[in-house]
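Place chain B on chain A using the hints.
Number of protein chains: 2
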Amino acid sequence: MTTGSNSGEVLGMDWSKQPGESEISSTLSDFEDRPVVDSSPFIVVHGAGSFGHFQASKSGVHKGGLYQPLVKAGFVATRISVTKLNLEIVRALAREGIPSIGMSPFSCGWSTRERNIASADLSAVAKAIESGLVPVLHGDAVLDDLLDCTILSGDVIISHLAAHLKPEYVVFLTDVSGVYDRPPSDPNAVLLREIAVAKDGSWSIEKPTFQNKNKQVETSVAAHDTTGGMLTKISEAAAIAKLGIDVYIVKAATSHALKAFSGELKDNLPDDWLGTAIRFSNK
Amino acid sequence: MTTGSNSGEVLGMDWSKQPGESEISSTLSDFEDRPVVDSSPFIVVHGAGSFGHFQASKSGVHKGGLYQPLVKAGFVATRISVTKLNLEIVRALAREGIPSIGMSPFSCGWSTRERNIASADLSAVAKAIESGLVPVLHGDAVLDDLLDCTILSGDVIISHLAAHLKPEYVVFLTDVSGVYDRPPSDPNAVLLREIAVAKDGSWSIEKPTFQNKNKQVETSVAAHDTTGGMLTKISEAAAIAKLGIDVYIVKAATSHALKAFSGELKDNLPDDWLGTAIRFSNK
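First to last, the sequence lines map onto chains A and B.
If you want this note's numbering, it's the position in the first sequence, counting the first as 1, plus 24.
If you want this note's numbering, it's the position in the second sequence, counting the first as 1, plus 24.
Certain hints may be false.
Same chains, same names: a pair is fine if it fits in one copy or spans any two.
Claimed, not checked - Once the Cα atoms are required to be at most 20 Å apart in a straight line, the calculated DMTMM-like pairs of lysine to aspartate or glutamate come out as:
| # | residue 1 | residue 2 |
| --- | --- | --- |
| 1 | Lys87 | Glu120 |
| 2 | Lys190 | Asp145 |
| 3 | Lys223 | Glu154 |
| 4 | Lys82 | Asp172 |
| 5 | Lys151 | Asp169 |
| 6 | Lys190 | Asp295 |
| 7 | Lys151 | Glu138 |
| 8 | Lys290 | Glu230 |
To be clear, the hints were calculated from the coordinates, so they are not data collected in a lab.
This is chain A alone, in the form it adopts within the complex:
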């Protein structure tokens, strides 16, 4: 991405009315001589965050049973909440001149079988990328072959996209600096800067060096999170790294995140980089 903070110069792409505006605020001739943001092709995937987890967990959508009125209502409520968040993210990107296009897994016809992806045709996503658009996907309530319905998490979607579209690298943006050896709220928590993933999918901490080589990582999962929290992120990230695709887990809106997006971490991790790199290791 090469956007920076130049939203005043690029061709903004959200022309819908903002609250309080009575008319479209710009004339189109304002746009014609503005550059379009230029970047390598990429895909954005977001979770539901506070927009969907409440609806999903309280009604048990992730456990299935769509024939039950409460689950059906929760399914509808979850989709409303996540598509609302998706629209806000698409609009925020469009305002910065990124040609973002919301694509919902449910609408894409994706379905699961006991929460694993059963069918997820990527041709519409691939065609959007070929057309120079930036697909914005999200964790979603979907139909499940065995459970009737469930929640497909954004992390599982990323894994699936990575396996089939083979990106150069994957960046997970979070609200903490990366993966710690214990919950980051613990003052003694240590940031794991590099994790190596072996052929068999097992993973070990490369940096920093701990005395105990087989150190365990303690994680916590928020009670409202129906899709697994940090532990799911690590195991999905390890599955991606096993394919030879570097994964960076990094805090959003930091210089470290920008470095991860630029691709410059591929060959070396600078000493001052704060984040977790998860990489395949042949050793």
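Just chain B, lined up with the frame of chain A:
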């Protein structure tokens, strides 16, 4: 539909926060003993209205050329506007207890070839209906095999759905009572209550009886409408009627619209019915 105005009793399905609310307003236990709206399966399709036509027409999205910055921006802006409208319609239906699910043609992977549908897999829509959900589709900006991109109108979508899913009948809701012999703003305009469609697709006015049997219908198309206005509606309706599926064009939110939805017009049009029925005629 059997909804009426019983939104206080049915299981509301929009649990997202309303503007000004700081917390989810109901507890889930409130919902558990409420009935779910029961109805025959149906699909909702809406156009873009004032939400998308401005964006589409000003930038020329319907004429293609996605490689041009202005068209690309218009494409993104159009999709934002129509998905915003779709979300509002899904939420309004969900609040009335209808298990509505937004499905965007672009996300469904539908594409056109010179504005006609080239590929539109209906399996995701069919699966949603089988699961007891109500798909809510909309006119959308889509990729076109020859033009790069164009606008797929809601009317063309309805035609395609009708041809493949064979509903009992199709209802077009508009802001006027039906099809008139000239623009309804003209004080001499006469409502055409019944139009017969022949095997060859040609159509003639059955009711009321005009002296001139080959009477022409004058229509106007709003300048901002990229997809054809009433003339497109009539010809899409005639194409549906030719399949033996009755089409009713009727004013939204009236007792006439309710009659059309109920299916009771299938065998006879009451004398006091205001609307246009378009039907296949073997004569």
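Hints versus structure:
1. Lys87 x Glu120: Cα proximity of Lys87 and Glu120: none, with 38 Å in one copy and 25 Å across.
2. Lys190 x Asp145: within (15 Å within a copy, 26 Å between copies)
3. Lys223 x Glu154: neither (32 Å within a copy, 42 Å between copies)
4. Lys82 x Asp172: Classified as within; 17 Å inside a copy, 44 Å across copies.
5. Lys151 x Asp169: between (27 Å within a copy, 11 Å between copies)
6. Lys190 x Asp295: The answer is neither: 28 Å in one copy and 64 Å across copies each exceed 20 Å.
7. Lys151 x Glu138: between (28 Å within a copy, 17 Å between copies)
8. Lys290 x Glu230: within (16 Å within a copy, 73 Å between copies)
This entry does not satisfy hints 1, 3, 6, going by the numbered hints stated previously.
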